[in-house]
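Asker: Line order of the protein sequences matches chains A and B.
When we follow the numbering used here, the leftmost residue of the first sequence carries the number 18, and every step to the right adds one.
When we follow the numbering used here, the leftmost residue of the second sequence carries the number -19, and every step to the right adds one.
These are computed hints drawn from the structure, not numbers from a lab.
Once the Cα atoms are required to be at most 25 Å apart in a straight line, the calculated BS3-like pairs of lysine-lysine come out as: (1) 64/A - 186/B; (2) 103/B - 20/A; (3) 50/A - 184/B.
Because the structure is a prediction, the values reported are computed rather than measured.
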Amino acid sequence: MDKLINDFSFGLFFWQALILVVLLVLLRKFAWKPILDSLNNREEGIKNALESAEEAKKEMQNLQADNERILNEARAERDGMLKEARQLKENMIADAKSEAQAEADKIVAQAQATIASEKKAAIAELKNQVAGLSVEIAEKMVRKELADKKKQLDLVDSMLGDVTLN
Amino acid sequence: MHRNLGTEFIHVMQKRTVVKILLIFTLVFNVANLFAKEPEKGDGGKVNTKSEIDAYIEHHLQDSHDFTLWSDGETGSHVGFPLPVILWDNGLKIFSSSKFHHRETVAQVGEDYYKLDHGKIYKTDAAGTINYDEHHHATNVKPLDFSITKNVVTMIIVGVLMLLMFGGLARSYKKGALPTGFGRVLEPLVIYVRDEIAIPNIGKDKYRKFMGFLLTVFFFIWILNLLGMTPLGVNVTGNIAITVCLALFTYFITQFSANKEYWKHIFWMPGVPVLMKIVLMPIEILGTLTKPFALLIRLFANITAGHVVIMSLIALIFVADNVYVMTPISLLLTIFISVIELLVAFLQAFIFTMLSALFIGLAVQDHDHH
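Using the sequences and the hints, build the whole thing.
Answerer: Here you go:
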């Protein structure tokens, strides 16, 4: 200890303190501050870059999910539209069919009605003619009866035979 | 992924470069050390007895008023250069250390005479008489010595070197985000000090303020330790005045940046009985002093011990009876110890900075957990 104290040089201590202070001041200004700042900036920059890359990745994923979703929606919509169209088509066909059926039925009914009425008319006319004919025959018969009783009777008989043949 | 591989590659390359540089340092300097030490036999004569070697090692460990690269003991010639001597002795006295003629003559400045004895300058009479007391301490007047000694010169060189290296690194960031050249080696070291020393000990919010001190001290000590391993023969960090100064800086920075809780814990420890508070107070106050004291002694003792061991191992060559047997043993041992010392050089810089950061961290931390 005695030797240590004896070895202690105040001059050296003084110079060391001076040099250290000067060195601290100069290095702080010209070296440490710019070095540490640059290191910090660089590290910040790297961190930011990594973060923004991560962000971009996330955004990309979001975008992809969005796209997927939109695509799915579009697909669903298309499917819906197609289904609707098919439904519509079927409905239309069914409607048309039923309408056509109804029309056809109507026409047939009308035709049947017309036929029926025509038939009726024809029958009525036939009846009229038959009646007319009968009246004529009766008239002729009456006339002949008036001429020859016997002959008249024969005529009536033969005519009646004709009538039944008719 | 590609970029990842790129940065990893750079990282590996940086590590490799550091390792390579360290290896080159070890080999070149230690081989040079061995060869350089041989002609550097002495300070006043041939060195080949045990006591002479002890004296020589002790002389080497001390600061010196001239920068002697080597000297030849037999012819008494010295190779090196003198340094300015600055004394405060009733006024400022500045003269060249060459006036001492390597401790052999008395330097006359005006009407005063000065003589160098064991690295200290004493005021003497014209004949250079130095009186000793019974403890073999010189009783002559010691003028205040502010000389630019070998250690001061070394520190200035290291300071300039650091300004150039780290100033260069700082400038290289202006050209791009990544440093080039030697900056590639320095940058990981700066990041190491920040991420492994400052942030874990001081905390993420407060470390920035102390980075300047920690980085400066770390590289200052490390480079000085490494220079101590070169054949220049400087021993700066193994000098008690240097380590005292460094530790005092840590001490004052710690005390001045300490917050209220820190002082409260020293003077009036919370959570203990009043009697204990009174007992603890002097212990805590002493504790603030023992912390930097441990710092200064640890650095001083480690570096000094390393120098002593290396020089003693080299000296084996000169005390051995059979030089041909001893030389390879000495060489091997010296290289082995030098590699360890290289580690110690880093370790001591690391420990000093680490403990400084720890003490600062203790002083500024928030005691939320209490």
